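Chain residues, written in single-letter form:
Protein chains: 4
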Amino acid sequence: MNPTTSRAPLNRPEPELLGQTVVVIGGSAGIGLETARRAREEGADVILTGRNPERLQRAALDVDPLSTAAFDANDSAALKGFFDGLAGPIDHVLITAGGPHYGPMLEMDSDQVRVAITDHAVLALEVARHIVGKIRPGGTLLLIGGTGGRRVRRELGIMPVATAVLPTFTSALALELAPIRVNLIAAGFVDSPLSASLLGDALDARRDELRATLPIGRVVRPADVAALAVHIMSNTALTGATYDIDGGQQFTSS
Amino acid sequence: MNPTTSRAPLNRPEPELLGQTVVVIGGSAGIGLETARRAREEGADVILTGRNPERLQRAALDVDPLSTAAFDANDSAALKGFFDGLAGPIDHVLITAGGPHYGPMLEMDSDQVRVAITDHAVLALEVARHIVGKIRPGGTLLLIGGTGGRRVRRELGIMPVATAVLPTFTSALALELAPIRVNLIAAGFVDSPLSASLLGDALDARRDELRATLPIGRVVRPADVAALAVHIMSNTALTGATYDIDGGQQFTSS
Amino acid sequence: MNPTTSRAPLNRPEPELLGQTVVVIGGSAGIGLETARRAREEGADVILTGRNPERLQRAALDVDPLSTAAFDANDSAALKGFFDGLAGPIDHVLITAGGPHYGPMLEMDSDQVRVAITDHAVLALEVARHIVGKIRPGGTLLLIGGTGGRRVRRELGIMPVATAVLPTFTSALALELAPIRVNLIAAGFVDSPLSASLLGDALDARRDELRATLPIGRVVRPADVAALAVHIMSNTALTGATYDIDGGQQFTSS
Amino acid sequence: MNPTTSRAPLNRPEPELLGQTVVVIGGSAGIGLETARRAREEGADVILTGRNPERLQRAALDVDPLSTAAFDANDSAALKGFFDGLAGPIDHVLITAGGPHYGPMLEMDSDQVRVAITDHAVLALEVARHIVGKIRPGGTLLLIGGTGGRRVRRELGIMPVATAVLPTFTSALALELAPIRVNLIAAGFVDSPLSASLLGDALDARRDELRATLPIGRVVRPADVAALAVHIMSNTALTGATYDIDGGQQFTSS
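Residue numbers (my numbering), protein chains in the order written: chain A, 1 to 254; chain B, 255 to 508; chain C, 509 to 762; chain D, 763 to 1016.
For the record, the hints were derived by calculation from the structure and aren't laboratory data.
You may find that some hints are simply not true.
To be verified - Chain D side only, calculated, beta carbon under 8 Å to chain A, not exhaustive:
id, residue
1, Ala835
2, Ala839
3, Ala840
4, Gly843
5, Val889
6, Arg891
7, Ile893
8, Val894
9, Gly895
10, Asp953
11, Arg973
12, Ala974
13, Pro977
14, Asp986
15, Asn997
Because the structure is a prediction, the values reported are computed rather than measured.
Every residue, glycine too, gets a C-beta built ideally from N, C-alpha and C.
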């Protein structure tokens, strides 16, 4: 064994997304905004969408996007209008819109059940139909789901059912959209503005609990998820699969 | 080791479903009708429903049900009317209605996607809401799904996505409906009138292929599934789980 | 709807295992003994094995077996001797021998790790090699595993790893042994003499906890598992699959 | 929407592994060598091990490692000697050693079965015991498995059983080794020297088949896997999980 003198690194590869364009549906905060920032650092242009024009404007100051568009992703006409209006080809689309649904199934009506189980899939399919012909080879449609519903528990209600849909949906859509790649990120608790607004005063206690119980000893941040998202965009061998990022949370009781 | 002279059997236990009442939604043919027959043989009364009055009448001649009711299970008002009109408590409900949906997701509109992914769950939830207070302790709500969509394949389209919902849905509903038990049978190809009508002239070739490739060397029949269904009804330790019956088909390329 | 007058049951089918022979490896108590009793009630002859001759003798008084054999199933020569000495063909073999292994993997040596992960599979394969040519068509090799290790948790150590092996092993062996069927029962806590000896004074508290938390509201007993075992033996469409029996325990925190 | 003029990228982040040290067990070719190269490009020092001294020497010319060590990773004493001799702390260990085992289980003796099912886990545990106290916070132990055995098929023999062990093993070990992270890469066919030597003259036909059937339309290369490996090393929120990289192969019949 040789003595351990550090060596000069080899030449670093080009930025991962040089010359590419990334669309973030739900890009004004949290995971979406951090992914936009990371994509910009790796040489991409970004296009941000979000519901709230003010928040979107603040995000734009941060990441200098090619363009922004304020609309509700669940408004099918607005979504179509956005994609129809794109000036050029794109490479990747990240959808962060839509949170988990909780609550007992017996207390929901049939329409609520349908929406809770399928809303991510339905939105992803709408986007998928719009991007055929617009995404360049090697690009990916990237969805966000969670690891928190992998295990059925009484207090989660319908949530694990909705969770069960996404990995299989992702694989099936990857076969239909090929060679466009389709992948899913399954996150645990992420310390985002959304989490802060949902938890309110309970946020600090939740953070403390996770620091104490997670194998990684810290809370997962939006920038962690963003780094994974950009890797999935850049690694053109990945499709049809689910990538967990939860610091081991699914194996703890948190 | 003693010489092998066969012994007199111990006393046989009582019939498995003695004094119980089984409702079969979709009981005029195939798995539903065979389950009704088997339940009758095990001492149960049965109540049959089906869409087609003539077929239901013929089934009634076969199994001597307590009553029959002809209606479409997807008609919510009719379904409610049926359960409201039940004269006494029941013990088990088997839902056989509803087949798998195939086809590319990209070619379906959002409503079709929602229905294909959730129709079994939505119907099961409707039934679940009606039977609370009517099912005696130890009873079960029993659903039928399949093993054929366990693996995502291009030619199956949306089918594996719908398949992925049911096991988790069954577990989650079991927690909400407890102590009513909820279970799922996952069948492969079953040699039923439904299969015959779907396959037409291709039926014999399909049977031959399965005989040649299935580990059990024969085709699965409705009576096989019925025996499993009656066991799940009678075994009061089973809940929240999925019970495969496909002769090993999911591990072959058939 | 007709008035609800109970009908005379149809003729009951023959006993499920009439004229068949069931071998129970580990049949002197608990799940094994109850399966032997149930198989006898369904018309089968049984052959019991167990490590302890006195317990085996007491079990024999209970179920009147065709024969008994006292040996340690993990003694390969004794196991071979037992199967070589069988006087006639058999139909089903249930293996109950072998409990779960717990403990941190980092504190086990390599041999302990190998045994903990593979001992059920290795014993099943030994039995499998002995029964080829002895089991009649339609027969099954039936294994017992658990649902308690489905979820990885720190306090379970290696146990979930061993749990993960059995369902896939069962499917793979079913393909190799076909047309002999191979199936796995995955049980939760079962209120057996083994549980009593493991838990000691904590048994009553465990029972109380399970009664309070399980969806079925009671503890699973050996006779529940025995009924499932006999059903799997009799239902010749079942192979390569895993059948849960835990009263919903895997979805509770118990 | 603004006109699409490309923006200047934000400042690129530091190299991902700057100042870190990566040990590659099995680093003289294929995935291991490519991971070493990629890690060097991201600022890491690397330490390479391999069985063949000549190949290791050639690899060293390529990536300028801190040191190399030629030994068989399955030789426990040599493995211990290697880790005992490390001059300083390390950050990540990638184990590429060990290929899949095929063949019918019924034709293997018990020792062969044990080895085929557990050899990756046993080697990983040996390494795990050696690196405790040597890996800096945030580091990871990274294993390589496969997606090819996710589905049980007759011609794969024991392979799917061995495949089933690794994801659960990875999660369980991640809990024991925390805060050291443990992750698994599940690869499909990778166009490596190992594949070339296994397939011989059939290599080109296999490549053509994969190009025609994989959703990504090309064969997965060692550099693809290396990029994922380095991402997992750098993303300190990832632990206990399995990351697929197979171009969608698991959903095709290839």
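Here is how each hint holds up against the structure:
1. Ala835: This hint is violated: alanine 835 (chain D) lies away from chain A, its Cβ roughly 16 Å from the closest one there, beyond 8 Å.
2. Ala839: violated, 16 Å
3. Ala840: Because about 13 Å separates alanine 840 (chain D) from the closest Cβ in chain A, which is outside the 8 Å limit, the hint is violated.
4. Gly843: violated, 10 Å
5. Val889: Violated - the Cβ of valine 889 (chain D) stays beyond 8 Å from chain A, reaching only about 17 Å at its closest.
6. Arg891: violated, 18 Å
7. Ile893: This hint is violated: isoleucine 893 (chain D) lies away from chain A, its Cβ roughly 16 Å from the closest one there, beyond 8 Å.
8. Val894: violated, 14 Å
9. Gly895: Constraint on glycine 895 (chain D) not satisfied, violated at 17 Å.
10. Asp953: With Cβ-Cβ at 11 Å, over 8 Å, it is violated.
11. Arg973: violated, 11 Å
12. Ala974: This interface hint is violated because 12 Å lies over the 8 Å limit.
13. Pro977: holds, 4 Å
14. Asp986: holds, 4 Å
15. Asn997: Result: holds, 5 Å to nearest chain A Cβ.
This entry does not satisfy hints 1, 2, 3, 4, 5, 6, 7, 8, 9, 10, 11, 12, going by the numbered hints stated previously.
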